[in-house]
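Chains E and R supply the protein sequences, listed in that same order.
Each residue of the first sequence is one higher than the one before, counting from 1 in UniProt numbering.
Each residue of the second sequence is one higher than the one before, counting from 1 in UniProt numbering.
Hints may be right or wrong, so weigh each one.
Examples of chain E residues lying across from chain R (beta carbon under 8 angstroms, computed) [what the hints assert, rightly or not]: (1) Ala33; (2) Gly48; (3) Met116; (4) Gly186.
Quick partial rundown of chain E residues pointing at chain R, CB under 7 angstroms, derived from the structure [unchecked claim]: (5) Pro114; (6) Gly117; (7) Tyr140; (8) Asn192.
Read the hints as simulated data drawn from the structure, not as lab findings.
Beta carbons are placed, not taken as given, at the ideal position from N, Cα and C, and that holds for glycine.
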Amino acid sequence: MGVVLVDAGGTNIGSVRYALQRLGVDAALTADADAIRAADKVILPGVGAAAPGMARLRELGLVELMRSLTQPVLGVCLGMQLLCEHSEEGDTACLGLIPASVRRFTDQPNLRVPHMGWNRLKPRRQHALLKGLKDGDWAYFVHSYAVANGDHALATTDYGGEFACVIARGNFHGMQFHPERSASVGARLLKNFLEL
Amino acid sequence: MLSRRLIPCLDVRDGKVVKGVRFRDHVVMGEIVDLALRYRDEGADELVFYDITASPEGRSVDRNWVERVAREIDIPFCVAGGIRSVEEARAVLHAGADKISVNSPALERPALIDELAAAFGVQCVVVGVDSLRDVDGEWRVRQYTGDPSRTQALPRRTLDWVIEAQQRGAGEIVLNCMGSDGVRQGYDLEQLSAVRAICNVPLIASGGAGALEHFRDAFIEADVDGALAASVFHSGAIAIPALKRELAGWGVTVRV
């Protein structure tokens, strides 16, 4: 029942949890397979690196469980990247739930990495997750690796080229930015997820 | 396009926000959460909280107020103050901070930066650099600047330290130009430009903001990613919405 936050060792769990509380939802923090399976909505937060993130999911015995989920799932930041097939970060095989790969921002003059700060979102497809989102709305990003643009992209952001900042395939969704730290735009997107 | 960030800095002492001039003579400015919410509402892009007495007193930041802030605000915030281990950083991040900033403890033991980057990723790790020009013309770093009686001048050159910090895993540099701090005569554009030239991660200017044009100069001339200020925001001398309107007019990308 309810919304669960998968406790995979990500450090932004606290802030995601508080953001949900501000929306009136008390999300349980758990690494328990039964609790995750029984939830209406599952959020995979995560700040950190891909390889330790996957290692933690394996240690907790959650890899196959995550793959078997049928309710709406949202990965945030690293959590989104873990839903993809592969990350260049530590050459890591990820969950493979969304057919996309994660790459480091390429070296370009004046392109500072990490991509840190507020950048604009560009909706690319109609989707309930993007309800009320306007072209050019701002969200807060902090990351050095990004999901390549493609069919899975619901919205993109430009930083030395377009990358996918909101992705979805079936019941699996991801946001590269931090909705919990993206003021009213982020709150709207989190609310949309809760209403899927 | 990535926006330039305006970052009110809240120096915290004994659970209150304080502000001094040239890092001295602190006066109480208000309650932490009240000020945090006010800045969120005005359009601040990020907040930085410095527990300015933690490092000189040899203790870590008080995480109670970190949690209170994290519950209330929905913009990113960074916490600094006496974080000297991965475990202390983890506690602050778990309390809800988005980033942690290290300054004096990283000078004591530079490997701390490597450890934090390995544990949490470079995007969480900010290195604060307190820098002052010495009589020989070199910029050098200062340590324990929260307590004037303990502040130390180090032989380490600021530019060398910024390079080393990045190599070790700093994801952002906050350059506190102590010579211009609190006197509202403008950011130290010469020093910021010198650091910008060797800084490939986001660079935040700190110290000296007194007028709208000072922010423009920092963004356009020194090409910094963010500008941090305290007294001009706390006193109401500069209102963030008006500042953003002016910056947009000058062609600076801001979030409005």
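Against the structure, the hints:
{"no.": "1", "hint": "Ala33", "verdict": "violated, 23 angstroms"}
{"no.": "2", "hint": "Gly48", "verdict": "holds, 5 angstroms"}
{"no.": "3", "hint": "Met116", "verdict": "holds, 5 angstroms"}
{"no.": "4", "hint": "Gly186", "verdict": "holds, 7 angstroms"}
{"no.": "5", "hint": "Pro114", "verdict": "holds, 5 angstroms"}
{"no.": "6", "hint": "Gly117", "verdict": "holds, 5 angstroms"}
{"no.": "7", "hint": "Tyr140", "verdict": "holds, 5 angstroms"}
{"no.": "8", "hint": "Asn192", "verdict": "violated, 16 angstroms"}
This entry does not satisfy hints 1, 8, going by the numbered hints stated previously.
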